[in-house]
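Q: Residues per chain are reported as follows:
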Amino acid sequence: MCNTGPRLATEPKLESRPFRVLGVQQIAVGAPDKAELRRLWVDLLGLERTGSFRSERENVDEDILVVGLGDSAVEIDLMMPIDPDGKPKVHDPALNHIGLWIDDLPAAVGWLQARGVRFTPGGIRRGASGHDVCFIHPKGSADAPQGGCGVLIELVQFPAGTPVDRSREVGEASPPMSGSMGPSSTRRGFYPELEPFDTGKLRVSDLHEIYYEQSGNPKGKPVVFIHGGPGGGTDPKQRRFFDPSVYRIVLFDQRGCGKSTPHASLVDNTTWHLVSDMESLREHLGIARWQVFGGSWGSTLGLAYASKHPDRTTELVLRGIFLLRKSELDWFYQEGASALFPDAWEKYLAAIPVAEHGDLVTAYHRRLLSTDPQVQLAAARAWSVWEASTSFLHPSDDFITHAGQDQFATAFARIECHYFVNGGFFEVENQLLRDVDKIREIPGVIVQGRYDVVCPMTSAWDLHRAWPEARLEIVPDAGHSAYEPGIVHALVEATDAYRTRA
Amino acid sequence: MYPPIEPYHSGMLQVSDLHSIYYEVSGNPKGKPVVFLHGGPGGGTEPRQRCFFDPARYRIILFDQRGCGRSLPHASLVDNTTWHLVEDIERLRDHLGVERWQVFGGSWGSTLALAYAGKHPERTTEMVMRGIFTFATDEMDWFYKSGTKVLFPDAWAAFESAIPPSERDDLIAAYHRRLTGDDRRAREEAARAWSTWECSVATLHQDPELVAHCGDVAFTMAFARIECHYFVNDGFLDHPHQLVEGVQRLRKIPAVIVHGRYDAICPLRNAWRLHRAWPEAELVVVEAAGHSANEPAIAAALCRATDRFASG
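Residue numbers (the working numbering), protein chains in the order written: chain A, 1 to 502; chain B, 1 to 312.
The shape of chain A in the complex, shown without the other chains (with noise of 0.2 angstroms):
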């Protein structure tokens, strides 16, 4: 209004400014390899992964995360040199540069050269992003004095009349998606973190001992968690699937993993063996029927358990179907999951010979049963991250990593492939749907992510079919991972639903 001071000697200038910066439109970071960036930006800050982006000339492969939502959007670019030894340097420095978007590029350029601001060569160029870009060098020169003051600045043409409707584009491509749920504000989440009243290991064999632990309410209905793999071992965020106030949350690692002892062991480690556990384990606690719950092979295991002890199970609560058949272990290890990842495949195949590639399974099982503990480890590694790369709709790199730590490494990949290549110890290839009658009359929820392709829907299609009594959810924005948020909304709504059932 009345500016008074020394202010006024600056604001003509800005008046004739002929553009205007209209936001920021990207900022880029880089480094040697992404997946370090990944874990900053995706699963520690939590920003959205919505695309990537690959291009030799560039020598670039990024993804792009979005942050903000309409005309407020940015792009957070992460990105890698193709050849680390090329040109441009992406990964150098560190954080890149921004961009900012300008509402006319060229006037901006003219009107600011001639007031001694240094440009890259190339001037006025088609960007990455799709845009007309010119950037300002991060250091003045003799002739261009003002420089970006050490920052490598992009300007961005906005695109003219607004063509880009941003807001959708943004807004509409960044998941929460809505599903037949609604939107995922209305999605219920985990319950609150908590500790177990009581932990213990039980001896279940002369070698085998398993950790076993209780949350929740001591005297609530009992509900007994299975955790996937097989190899796989609980986490405590799996204790919140269950309202603490009602359920007495029964966790247990399986045989050769988690905590349990031998660690990774494969002696006496069979489907059947680990039924009887659960049920030493039940009675150990005093507990005369439970909720059984799990996912993945979790949902094998609690088949498997419940067609033997349906009297002992209360509902069953089953998710992402695993039936560990034949054709099931091909679409994920051999062929079908395979194209629709052929990235992450490439790395599962490259840790195996071309001369073993038509059994892949069989190649592996070799090496994780090596007695080289480096030749184990790296098989163990390379099957753990391809099927952490594909669990989630939305790509998690804490998961992929996680993965590929060597204490899970081994005794997920050597448990798993143990199992698979004895086709999951079962008399009858179909025998989890030939015994459905003996479950028919437990109350059942079947949770499915129709983007599960580690363990894809026609499995649980098929035990739809086989049982149609109980209920069939599909969660149509996820995939396998009991992690994605439509998978925890379901589950936790039929847990929730059970409570009241004695």
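Because the hints were derived from the structure by calculation, they are not lab data.
Beta carbons are placed, not taken as given, at the ideal position from N, Cα and C, and that holds for glycine.
Hints should not be assumed to be uniformly reliable.
Stretch by stretch, here's where chain B covers chain A in the computed footprint (C-beta under 8 angstroms, at least three residues) [unchecked claim]:
hint	stretch
1	51–57
2	329–342
3	457–467
Chain B: place on chain A using the hints.
A: Showing chain B alone in chain A's frame:
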């Protein structure tokens, strides 16, 4: 995407004794020419397909391929092959006095784009392709035999149930018999089931409007008959790797490939393979998207590509 616009010129071009094709031109008459190749084959064009291009900078050419959309005779399979369509594109280019143009196409449109550019690389300034389909054997098997059905057993059950169990070992052939048979009702039923299968799985979230559109008799008759006709004839290619191998001739053409991670019709592997054969072509993987060009993030990526080429 850009706002809706109307064409400033449209017409029918006689391309053979039998066929005439509908075409239209919108945007800037002096702008950079681009030809939009629709999918299917047999899908026809839609007005919203004009909106992938900046109308101030592009001269936007859409046309309906033989037998579909407003082209005549409707749903005809006579003289309807990939190479007839490639010739039609050349005829249209000549007719409009276009020297060279950008070639833009998704799904079957990407197939036809690769076939056209392979024959006429000197006429092709850039290529923008989406939801890559190259007629490799495993691509056909994925959608009609062993892949998509694993993720969509519910929609597959409907697709399969239109054919008696005794004929299910070769569904494409069974559908083809019905789609080209004399029984009008059987033709229509087969056409509806065929199209509904594809439309049910085209978007990450099933789009009821799209599925309803796929029940429209006029649309499905052209779409299903022409698609199936091309599929039983293996795209009229000499061999299933022809198009991917052919890119060696195209590698100097600036190109962008846009593909949805959860494209259940044309899986990402198709694009990956093309990118491996043609590393200069940029590959944009859109994580949370399916096959359709109407998926918001796919549309945005396509507009980014055309914007960029517009100023080049």
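Q: A separate judgement is required for each hint: does it hold in the structure or not?
A: Here's how the hints hold up against the structure:
no.: 1; hint: 51–57; in the structure: holds (count 7)
no.: 2; hint: 329–342; in the structure: holds (count 7)
no.: 3; hint: 457–467; in the structure: holds (count 4)
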